[in-house]
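The listed protein sequences derive, respectively, from chains P and L.
Numbering follows this note's numbering, in which position 183 of the first sequence is assigned residue number 984; successive positions increment by one, without gaps.
Numbering follows this note's numbering, in which position 23 of the second sequence is assigned residue number 41; successive positions increment by one, without gaps.
Calculated from the structure, these hints are not laboratory results.
Here a beta-carbon is modelled for each residue, glycine too, at the ideal position from N, C-alpha and C.
Careful, some of the hints might be misleading.
[Unchecked claim] Beyond 12 Å from chain P on every Cβ pair, some chain L residues (computed): (1) A20; (2) V22; (3) R29; (4) L49; (5) Q61; (6) A75; (7) T86; (8) T104; (9) Y128; (10) V141.
[As the list claims (entries may be wrong)] Sample of chain L residues at the chain P side, in silico, Cβ under 8 Å: (11) G28; (12) L30; (13) L31; (14) L32; (15) G33; (16) A136; (17) E140; (18) V142.
[Claimed, not checked] Pair by pair, the computed Cβ-Cβ distance ranges are: (19) L:G135 x P:P921: 45 to 55 Å; (20) L:V138 x P:I930: 29 to 39 Å; (21) P:M802 x L:V142: 37 to 47 Å; (22) P:S945 x L:T156: 25 to 35 Å; (23) P:I873 x L:V138: 42 to 52 Å; (24) L:S133 x P:A880: 52 to 62 Å; (25) L:V141 x P:V927: 38 to 48 Å; (26) L:V141 x P:V826: 51 to 61 Å; (27) P:A1066 x L:V138: 24 to 34 Å.
Each chain, written out:
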Amino acid sequence: MSVYLGSYGLVELRRSSDAAEKTSVVNPGDVNVSRRRFSFDFESGFLHNGDQIEIRSTNGADLAFVDTSGWIVNALQSAGHWYINVDELGGIRLYDTFDKAVEGLQSQAIVLTSIATDIPISVRIVNIIPRILAQCTYFELNTSREAVDITALGDEFRSQYSSLISGSGNFRAYWEYLPSYAKQTAAESANYLLQLAIRTEVGSKFGAKFYLKVGSEDGTKTTIDDEIWYEIDGIVTQAGVNFSPDSAVEISADFVTTGPIRLLAKTVPSDKVLQENADDIRLEQDASASLLQEDIV
Amino acid sequence: MAKVYTGRDGRLLLGSNILVKVTSWTLQADLETLECTTLGDSQRNYVPGVQSFSGSAALLYYVDSDNTNDASTLLQKLVRTSGVTTSDTVSLTLRLTNGGTNNDVTLTAYITSASIGASVGEVVSAQISFQGTGALTTANL
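Hey, can you work out the whole structure from these sequences and the hints?
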């Protein structure tokens, strides 16, 4: 029998958005080639640093303001995905990775090219890659199921019928605004949760995985590599930050779930999987092997 | 022996069949009073007029293991494509039982209103109202 400590858990966040596509126009004057920055009309709060967006020209023209070096195929296209950094004036820089976008350095931004004519575009927030929430110190996830009373006349005991499932919870993390903790991919900063709570146009939706157990990192594949986690979509209902001189700055966020709540597991099989096809298979087993054969009935 | 009656003792029968998943029933008995006060009287006087009986019941929309749906049976007396005729009466018995002793009110009635709805997080139930016609068949409350 084992006792697990919180050190086995972590939270993985996936950015999400309720916003529909936004259409706008990139004018020649909106593109600043030397600063690798461009802009289009959008409301404050629609885009955040680190968001992955899809830009698509609505008239089928190439997105000529992005240099060919900024495309995977090294040629202009009419649509593409990038990570963005938004400055305080609404200027946008494009990046090829999340951590570069959050850092926001001009030198790492995608190179832009000046354009001669307007390019009508539509912008959609994509955000499909989950990231570990940096410096998370605590999380809690509660699930509850409503029960409907179906007791009828003549019954001696109350009868209940299971109804809807809902979830809620909260997490806490040390506040930071740049990802400094990386394990598998670049980490999500806790500041994003504060931004989530006050987003007006695109909502406060996010996807998350709450790991009860993560695999070991020593490379051996045993049952200690099993992973067990809750997977949810949630909406941040409350976020706060405490700030005092004698303690580390910590944020907390409450959320409710929306949609299904899944408790998933990825287990490592205890035995090797044998290929099953029409070929002849020669079995060789010594005393220490653990090859299992199924009886033919 | 003292006895307090509760919902555990309640039953609703359609004919001789006990309906399942009934969550409530009510019975309203009324008597019209005809005034016969005359000049010189100091108090109003009445003589009894016509009695009437009505009530309501609520049932879960529930399919039993034998595929019967009691709520549906009652709903179909009113929710139907053809008109209601005099043959569409039902015999309802409103019962309070105490072991082997039943306190029944049985009446012949028309279903006069029926409602059913579905809402998130709740079970589907039907509410019916009925209007008795004729005298009570049994009355030993």
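Against the structure, the hints:
1. A20: holds (19 Å)
2. V22: The claim stands: L:V22 keeps its Cβ more than 12 Å from every Cβ of chain P (closest is about 14 Å).
3. R29: L:R29 is in fact no farther than 12 Å from some Cβ atom of chain P, at 6 Å.
4. L49: holds (27 Å)
5. Q61: holds (43 Å)
6. A75: violated (9 Å)
7. T86: Given a closest Cβ separation of 14 Å, the condition holds.
8. T104: Holds, because the least Cβ-Cβ distance between L:T104 and chain P comes to about 30 Å, which exceeds 12 Å.
9. Y128: Correct as stated: the minimum Cβ-Cβ distance to chain P is 22 Å, above 12 Å.
10. V141: About 5 Å separates L:V141 from the closest Cβ of chain P, which leaves it inside 12 Å; violated.
11. G28: holds (4 Å)
12. L30: With a minimum Cβ separation of about 7 Å from chain P (threshold 8 Å), the hint on L:L30 holds.
13. L31: Violated, about 11 Å.
14. L32: With a minimum Cβ separation of about 13 Å from chain P (threshold 8 Å), the hint on L:L32 is violated.
15. G33: violated (17 Å)
16. A136: Status violated, d = 12 Å.
17. E140: holds (6 Å)
18. V142: violated (10 Å)
19. L:G135 x P:P921: 45 to 55 Å: Given about 48 Å between the Cβ atoms, the range holds.
20. L:V138 x P:I930: 29 to 39 Å: The hint (29 to 39 Å, Cβ to Cβ) holds, given that L:V138 and P:I930 are roughly 33 Å apart.
21. P:M802 x L:V142: 37 to 47 Å: Roughly 46 Å apart at Cβ, these two residues keep to the hinted range, so it holds.
22. P:S945 x L:T156: 25 to 35 Å: For L:T156 against P:S945, whose Cβ atoms are near 47 Å apart, the range 25 to 35 Å is violated.
23. P:I873 x L:V138: 42 to 52 Å: holds (45 Å)
24. L:S133 x P:A880: 52 to 62 Å: Check passed, 53 Å falls within 52 to 62 Å.
25. L:V141 x P:V927: 38 to 48 Å: holds (41 Å)
26. L:V141 x P:V826: 51 to 61 Å: holds (54 Å)
27. P:A1066 x L:V138: 24 to 34 Å: holds (30 Å)
Checked against the numbered hints given earlier, this structure breaks hints 3, 6, 10, 13, 14, 15, 16, 18 and 22; the rest are met.
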